[in-house]
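Following the hints, put chain D in place on chain U, whose structure we already have.
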Amino acid sequence: MLRWCRYLPATLLMLLSFTLHAGDEDPNLWLERMGQSLHTYSYEGTFIFQRGDRIDTVRVVHAAEDGGYRERLQTLTGSAREVIRSVDRISAIKGARVEGDGGQQGAPQRPPAIAGSMLRANEHYDLKSPGHDRIAGFSCYMLHAKARDAYRYSHQYCLHRDTGLPLLSELIDADGQLLERLVFTELEFLDVVFEESLKARGCDTRHIEVRAADGGGAVTGQDGEWYFEGLPPGFSTVLATERVFGADSAPSLHFVLSDGLATVSVYVATAGEVSEAFEGYTRSGATYAVARPVAGRQVTVVGEVPKNTVEWIADSARFRAADAGEDAPAR
Amino acid sequence: MNNQVSKSERLSALIDNETDTFETRRLIDELMKSGEDRAQWSRYHLIGDSLRGGMTQVAPADFLARVQEGIAEDGPLDVSVGSGQKLRWLKPVAGVGVAATVAMVSLLGLQMVTGGGDDAPVVTVEVAPASEPDATELVTGPDPRFARYLENHAELVAPGSSAFARVRNSVDGE
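In the order they appear, the protein sequences are chains U and D. Start counting the first sequence at -18; every next residue gets the next number (the numbering used here). Start counting the second sequence at 1456; every next residue gets the next number (the numbering used here).
Among the hints, a few may not be true.
Distance condition first, Cα-Cα at most 20 Å in a straight line; then the derived SDA-like pairs of lysine to any residue [said to hold, decoys possible]:
#1 D:LYS1488 to U:LYS288
#2 D:LYS1462 to U:SER135
#3 U:LYS109 to D:GLU1491
#4 U:LYS288 to D:ASN1607
#5 U:LYS127 to D:GLY1490
#6 U:LYS180 to U:GLN55
#7 U:LYS288 to U:GLY118
#8 D:LYS1462 to D:ILE1483
#9 D:LYS1488 to U:GLU13
#10 U:LYS127 to U:GLU13
#11 D:LYS1462 to U:LYS180
#12 D:LYS1488 to D:GLY1503
#13 D:LYS1462 to U:HIS125
#14 U:LYS109 to D:ASN1607
#15 U:LYS127 to D:THR1479
#16 U:LYS127 to U:HIS105
#17 U:LYS127 to D:GLU1491
#18 U:LYS109 to U:ASP156
#19 D:LYS1462 to U:PRO111
Keep in mind the hints are simulated off the structure, nothing from the lab.
With the rest of the complex left out, here is chain U (with noise of 0.2 Å):
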């Protein structure tokens, strides 16, 4: 049975957009309203995603709601897989609360992935615009956010006109050599979303809800509380909370990571959980993830930055006992 979803009508936003930005060519709050689009506007379209020289084409239906957002993702080459995944407001908007990260405890809640820092942003990007251009259809904004130190890759945006949304989105590594690559090919801002439309159409189908920790998140475990210390540059925890791997599964600490553009995970495998540590490295297009022992843990990174970075952020981890009263060593 059909059912209307009741969304704020898209084209009064976007006239707002418009009147709020309608002059202004300012990199910093470009990047901010990039961030606002992805929960402010429903829509659907079609977007390639190229990795090196590997191409899919994905179909979505984007339907921004209470200030989260609903999506389903269809791929329309190779074999036909589709994932809905639903993001609660608090995760969209607001992050979680950060604890344990010294001087980061009561800062702003952000939401990961988002460039919700424009001051970090720009200490560690240089930020400008080579001017407009044209995707889908739509006239857009460039956006090159070009790295300055290799702790993480460059970012090239064009982002819609009336809204942020990013049409283009690329990462770039130090070399100038293009890592990924989403571009849209057709967009249609909707005001309605149908629920028909956010509905699973086939048997191979994976549902992903991203849901905020209820208190906020915990970083501290029954024996101690894990913390970073001496991050590379520009980069802070933006989130804290746990993760349950598999119903059997204890739950594992999760950290999120940010510089404002970049976004690294760390995962904190409780002592049950750890079967057999390891230390060692992978690559998954620009994903780079490392994982080593740290404490009688397992720690696992992983992000869309360099290797060295990864490897820094691991070596950044920190245990501090419940009945210590004072730091573990790392390793």
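Coordinates of chain D only, in the frame set by chain U:
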């Protein structure tokens, strides 16, 4: 701003083979000099090929740079009327575009993350026993010990990042 739009339209016209000889020569000169223009040119090709439905694989990101190096080694590029040299630029991309099927790309992308079948692409994994961190052993093949973390991280990344599309590769029927 107007210049940028104008350049975009001119590059688009070049790709659509709608430029005259003089404009073609001028645009190729500009492409040789500007990395940004080359990136845009590559982007337009990607979109155009996709819309035409004939896209299955694209040239490597450094394709133009390698062409440029090759041309530099071969001497000056002749772009005179009817020379055919212009097609040396354009045809290889179209040729590469039908070299493989997206179905394989999609499937292999999934296997890379989940540690699927024997045909999965090689992912270099350097593994060492926890007690001997200096004695690293180079192992090839996807490592399932990383898979759940790669997936979970991809699920959390918002569409503002190019990593957004990576959730598509995380489908494993878990």
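#### Entry: 20 Å Cα cutoff - pair LYS109 (chain U), GLU1491 (chain D)
holds (13 Å)
### Query
Is the hinted pair LYS1462 (chain D) and HIS125 (chain U) satisfied, with a Cα-Cα distance of at most 20 Å?
Satisfied, since the Cα-Cα distance of roughly 18 Å is no more than 20 Å.
### Query
Does the alpha-carbon distance linking LYS127 (chain U) and GLY1490 (chain D) stay inside the 20 Å limit?
Answer holds: LYS127 (chain U) to GLY1490 (chain D) is near 14 Å, not above 20 Å.
### Query
For the pair supplied as a hint, LYS1462 (chain D) and ILE1483 (chain D), is the alpha-carbon distance within the 20 Å limit?
Measuring from Cα to Cα gives roughly 12 Å; hence the hint holds.
### Message
For LYS288 (chain U) and GLY118 (chain U), compute the direct alpha-carbon distance and say whether it is at most 20 Å.
### Response
Judged against 20 Å, a Cα distance of about 37 Å means the pair is violated.
### Message
With the threshold set at 20 Å, check whether the alpha-carbon distance from LYS1462 (chain D) to PRO111 (chain U) stays at or below it.
### Response
Holds. LYS1462 (chain D) to PRO111 (chain U) sits at ~11 Å (cutoff 20 Å).
### Task
Would you mind confirming whether the straight-line C-alpha gap from LYS1462 (chain D) to LYS180 (chain U) stays at or under 20 Å?
violated (42 Å)
### Agreement of LYS127 (chain U) and GLU1491 (chain D) with the hint, judged by alpha carbon distance not exceeding 20 Å
holds (13 Å)
### Message
Need the status of pair LYS109 (chain U), ASN1607 (chain D): alpha-carbon distance at most 20 Å?
### Response
Distance ~32 Å between LYS109 (chain U) and ASN1607 (chain D) Cα, so the pair is violated.
### Message
Can you confirm whether the C-alpha distance between LYS1462 (chain D) and SER135 (chain U) stays at or below 20 Å?
### Response
violated (23 Å)
### Task
Could you grab the alpha-carbon distance between LYS127 (chain U) and THR1479 (chain D) and see if it respects the 20 Å cut-off?
Answer violated: LYS127 (chain U) to THR1479 (chain D) is near 30 Å, above 20 Å.
### Hinted pair LYS109 (chain U) and ASP156 (chain U), Cα distance within 20 Å
holds (19 Å)
In summary, the structure is inconsistent with hints 1, 2, 7, 9, 11, 12, 14, 15 from the numbered list given earlier, while agreeing with the others.
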